[in-house]
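Those protein sequences? They're chains A and B, same order as listed.
So the first sequence is numbered by our numbering: it starts at 59 and just counts up by one.
So the second sequence is numbered by our numbering: it starts at 650 and just counts up by one.
Please keep in mind that the hints were generated in silico from the structure rather than gathered at the bench.
From the three backbone atoms N, C-alpha and C, an ideal C-beta is built for every residue, glycine too.
Treat the hints loosely; a few may be bogus.
BS3-like mimics (lysine-lysine), calculated; alpha carbons at most 30 Å apart, straight line [as the list claims (entries may be wrong)]:
| # | chain 1 | residue 1 | chain 2 | residue 2 |
| --- | --- | --- | --- | --- |
| 1 | A | LYS78 | A | LYS599 |
| 2 | B | LYS663 | A | LYS461 |
| 3 | B | LYS785 | B | LYS663 |
| 4 | B | LYS785 | A | LYS461 |
| 5 | A | LYS599 | A | LYS630 |
Only part of the chain A face toward chain B is listed, based on derived beta-carbon distances under 8 Å [claimed, not checked]:
| # | residue |
| --- | --- |
| 6 | SER60 |
| 7 | LEU524 |
| 8 | GLN526 |
| 9 | ALA596 |
Cβ-Cβ distance ranges computed for the label pairs, FRET-style [unchecked claim]:
| # | chain 1 | residue 1 | chain 2 | residue 2 | range |
| --- | --- | --- | --- | --- | --- |
| 10 | A | VAL606 | B | SER794 | 43 to 49 Å |
| 11 | B | VAL814 | A | GLU639 | 56 to 62 Å |
| 12 | B | ARG713 | A | ALA500 | 30 to 36 Å |
| 13 | A | SER460 | B | ALA743 | 26 to 32 Å |
| 14 | A | ALA139 | B | ARG713 | 38 to 44 Å |
| 15 | B | ALA757 | A | ASP270 | 51 to 57 Å |
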Amino acid sequence: MSRVVGIDLGTTNSLVAYVKDGAPVVIRDRSGDGLVPSIVSVDAAGTVFVGREAQRRLTTEPARTVYSVKRFMGKGLEDVAGEAGRFPFRVAGAPGGIVRIGLGEQEFTPPEISAFILRELKRRAEEFFAAQGDVDPQVDRAVVTVPAYFNDAQRTATKDAGRIAGLEVLRIVNEPTAASLAYGLDKRHTGVIAVYDFGGGTFDISILRVEDGVFQVLSTNGDTHLGGDDIDQLLMDWALSNSSGASGFSPTSAHAVQHLRRAVIQAKWDLSDREETSLDVSAIDPEHPSRSITRAELEAIIRPIVDRTLGPCRQALADAGLEPAQIDEVVLVGGSTRIPLVRRLVGELFGRTPHSELNPDEVVALGAAVQADILVTGNRELLLLDVTPLSLGIETMGGVMSKIISRNSTIPATGSEMFTTFADNQTAVDIHVLQGERELVADNRSLARFRLRGIPPMPAGLARVLVQFQIDANGILSVTARELRTEIEQTIEVKPSYGLTDDEVERMLLDSFEHAEADFAARLLIEARNEAETVIQATEKSLRSPGVADIARTEFAPGERDRIDQALADLKGVLAGTDREALQERTRVLNEATRHLAEVMMNRSVQIALAGKSVDSM
Amino acid sequence: MAVDFFSFLGLPRKLNLDAADLERRYRTLSREFHPDYFYNAPAAERRASLERSSYLNDAYRTLRQPVTRVEYLLGLEGVGPGSTEDAAQKVPPALLEEVFTLNEELDAVRQLRASGAPGSEWRPRLESAREPIEAKRVEHESQLSALSARWDALVDANAPATERVRVLEALRERVLERNYINNLLATITRELGSANQEP
Numbered sequence: 059m060s061r062v063v064g065i066d067l068g069t070t071n072s073l074v075a076y077v078k079d080g081a082p083v084v085i086r087d088r089s090g091d092g093l094v095p096s097i098v099s100v101d102a103a104g105t106v107f108v109g110r111e112a113q114r115r116l117t118t119e120p121a122r123t124v125y126s127v128k129r130f131m132g133k134g135l136e137d138v139a140g141e142a143g144r145f146p147f148r149v150a151g152a153p154g155g156i157v158r159i160g161l162g163e164q165e166f167t168p169p170e171i172s173a174f175i176l177r178e179l180k181r182r183a184e185e186f187f188a189a190q191g192d193v194d195p196q197v198d199r200a201v202v203t204v205p206a207y208f209n210d211a212q213r214t215a216t217k218d219a220g221r222i223a224g225l226e227v228l229r230i231v232n233e234p235t236a237a238s239l240a241y242g243l244d245k246r247h248t249g250v251i252a253v254y255d256f257g258g259g260t261f262d263i264s265i266l267r268v269e270d271g272v273f274q275v276l277s278t279n280g281d282t283h284l285g286g287d288d289i290d291q292l293l294m295d296w297a298l299s300n301s302s303g304a305s306g307f308s309p310t311s312a313h314a315v316q317h318l319r320r321a322v323i324q325a326k327w328d329l330s331d332r333e334e335t336s337l338d339v340s341a342i343d344p345e346h347p348s349r350s351i352t353r354a355e356l357e358a359i360i361r362p363i364v365d366r367t368l369g370p371c372r373q374a375l376a377d378a379g380l381e382p383a384q385i386d387e388v389v390l391v392g393g394s395t396r397i398p399l400v401r402r403l404v405g406e407l408f409g410r411t412p413h414s415e416l417n418p419d420e421v422v423a424l425g426a427a428v429q430a431d432i433l434v435t436g437n438r439e440l441l442l443l444d445v446t447p448l449s450l451g452i453e454t455m456g457g458v459m460s461k462i463i464s465r466n467s468t469i470p471a472t473g474s475e476m477f478t479t480f481a482d483n484q485t486a487v488d489i490h491v492l493q494g495e496r497e498l499v500a501d502n503r504s505l506a507r508f509r510l511r512g513i514p515p516m517p518a519g520l521a522r523v524l525v526q527f528q529i530d531a532n533g534i535l536s537v538t539a540r541e542l543r544t545e546i547e548q549t550i551e552v553k554p555s556y557g558l559t560d561d562e563v564e565r566m567l568l569d570s571f572e573h574a575e576a577d578f579a580a581r582l583l584i585e586a587r588n589e590a591e592t593v594i595q596a597t598e599k600s601l602r603s604p605g606v607a608d609i610a611r612t613e614f615a616p617g618e619r620d621r622i623d624q625a626l627a628d629l630k631g632v633l634a635g636t637d638r639e640a641l642q643e644r645t646r647v648l649n650e651a652t653r654h655l656a657e658v659m660m661n662r663s664v665q666i667a668l669a670g671k672s673v674d675s676m
Numbered sequence: 650m651a652v653d654f655f656s657f658l659g660l661p662r663k664l665n666l667d668a669a670d671l672e673r674r675y676r677t678l679s680r681e682f683h684p685d686y687f688y689n690a691p692a693a694e695r696r697a698s699l700e701r702s703s704y705l706n707d708a709y710r711t712l713r714q715p716v717t718r719v720e721y722l723l724g725l726e727g728v729g730p731g732s733t734e735d736a737a738q739k740v741p742p743a744l745l746e747e748v749f750t751l752n753e754e755l756d757a758v759r760q761l762r763a764s765g766a767p768g769s770e771w772r773p774r775l776e777s778a779r780e781p782i783e784a785k786r787v788e789h790e791s792q793l794s795a796l797s798a799r800w801d802a803l804v805d806a807n808a809p810a811t812e813r814v815r816v817l818e819a820l821r822e823r824v825l826e827r828n829y830i831n832n833l834l835a836t837i838t839r840e841l842g843s844a845n846q847e848p
């Protein structure tokens, strides 16, 4: 079986890690560098550069080099209108549509740019596994982290990016939760942890209770548009307004912007362990190329940004029903937590010194690797129970949002609500899916719209439309609407308004293959065969289990066992062949035939688990 | 799948439950079905795992809080909460007096504000209008917990349905009143809040 890796797809840097002999380790290049800068550059010939190489091109080819693409994931053009002009690359797209990033003549969607980064991480991991002599060094499955406060559209965009990169994203994990997993590993303790995750572009706070190997998120909050980037921007604004020779100089050239950006970042870093440093302002003020800046000055400039993280912390505490004193430990994650002011303010808020034993840049990837290992091995010692960060609901009369699942609900979760028609003979109902905490529709995020059709004409108020929400373990929503009198049903995987369609994702995946369609078809066949083998193995295992005779006697419908045996034999008959459609169809039939058996076996395992429990508690 | 949240967690339909025991059951069952453990399983099992862990999370969330626990039990026993929404619009008879007084106060305060009176003039009036409502809330909490204990005793004694229904009806009335009280308190908080935004 090929490896499954954990990936931290960050705003500034990305990393890949895996579990080796029970402990997570970051995969590094030959020089020992684990970080891949989340930067992509495309030259005039169409060659793509990723990571350090692309980073070098930030100043030489600023208009062709994209950074901080994570800020654009799952966004529409209108969402980024305020800041699009600050980037030296072109931020384009159609009004009402997904953001597109122009690099030279080509345009890319944010998931495609992210896919370049993911592909680089995949390549890095595969080289590493090949070098250590793995029989199957290929990496095609991963756990990928996202900010806890990412909405549905941003999560789906991340999953799409994985798919475009040729990675099956087994699980989307929230970054602070992943970090807690990395921290909690060696300390099998019980307690309440606050994870303060302040990265390059996003801020998250999560409060978790750890007990008995279960990491249960109690609440989460944050701001997906607040991070080191904003600090850098403030410092650049400050440098511009303070440069003495700036008269007549307009720092609009992309070169100057990137030079200055690099300089303020260096000064920010310096001031994390020094009281004073010099800031290189040669890009905007050649006559006075350097000026000094003290830590006190820096803190005064960036204080508003750091203060903005404290409100979400208080809200998360309130939602968890806890006082700061009830937090046992505070963990710092993300590069921006190296700033002394951040540490000081977080320490004051929670009344204790935060932990920072693990490298704040690496801890999320390490946790993702642990989660990947849980998925692959089925090891039940550790379990993450995460929450949905934002409430989900639909639009009702008067432009008001009716909540169906509240924020901080543990996922997976379901919710439902009954609606009716408001006009006589109304034959369709529009469903507008929303995410957010505000009362009015206009103040929340519109996720998707769809229409339930075919309702037979009847007087107003008589139709009974049941709208059901299901959030999976990735925090991704699907919605079903059903008219109960007629059983007309419509299910949609909520494809966000600012997302890609499945077809688009498939096409991008195809485009990304260097070896065209033959490879692509071969790959799809392998995927279908793997799925078929999984079902065959699981079915045979179930049929061998000791309880199956009893189940067949007491629970099976006449002919049910025969149907399973037949479907099993049929699927085995085509397993070695190359007919992908037959494989998929017969896999589906076997799945269908064994569904009832799977349900019964699961119900029995519940009874056994609870019986074990009541014995224990006596 | 089990028919209700209580039996799914292997619990009797009682209102006072041991929080630590609920947590343990929740964790045990989470370890049983969480989708993380079914990634390599066929579609049928993955789906069953997703359904059960969703149901488990919904059950835990509902039963963990005393208020939602009572509301859920009422629905289960068929004495609500189907009509609570309509009922919530009507003023519960037991609260008529308080509501009347509060509305008068609110009208007065709104008039004061409209005429440009400073916050110091009407703010204390809102604060003191809150007090009797707050007292009602406390009173209701204790009534709810006394009724909950009675319900549990009836379950233990396997009491006849007629007796049970009486307690359930009483619980339902208290829940409706309590929801109404909470709405009143929220209204006062809102008035105070919007006051803050004014110059």
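Taking the hints in turn, this is what the structure says about them:
Restraint check for LYS78/A and LYS599/A: satisfied, since their Cα atoms lie roughly 29 Å apart, inside the 30 Å limit. Using a Cα cut-off of 30 Å, the hinted pair LYS663/B and LYS461/A holds, with the two alpha carbons roughly 28 Å apart. With a C-alpha separation of about 25 Å, the suggested pairing of LYS785/B with LYS663/B holds against the 30 Å cut-off. Pair hint LYS785/B plus LYS461/A holds up; C-alpha atoms about 28 Å apart against a cutoff of 30 Å.
About 15 Å separates the Cα atoms of LYS599/A and LYS630/A, which keeps this hinted pair within 30 Å; it holds. Hint on SER60/A is violated. Least Cβ distance to chain B is approximately 13 Å, over the 8 Å limit. At a threshold of 8 Å, the smallest CB-CB gap from LEU524/A to chain B is about 15 Å, leaving the interface hint violated. For the restraint placing GLN526/A at the interface with chain B, the shortest Cβ-Cβ distance is roughly 11 Å, beyond the 8 Å limit, so the hint is violated.
Taken as an interface hint, ALA596/A checks out: its beta carbon lies about 5 Å from the nearest beta carbon of chain B, inside 8 Å. Checked against the hint of 43 to 49 Å, the C-beta distance between VAL606/A and SER794/B comes to roughly 48 Å, which is consistent with it. Evaluation of the 56 to 62 Å hint for VAL814/B and GLU639/A yields a pass: the beta carbon distance comes to about 59 Å. Roughly 33 Å separates the CB atoms of ARG713/B and ALA500/A, a value that falls within the hinted 30 to 36 Å.
Between SER460/A and ALA743/B the beta carbons are some 29 Å apart, a value that agrees with the proposed interval 26 to 32 Å. Take ALA139/A and ARG713/B: their Cβ atoms lie about 43 Å apart, and the range 38 to 44 Å holds. In this structure, ALA757/B and ASP270/A meet the distance hint of 51 to 57 Å, their C-beta atoms being roughly 56 Å apart.
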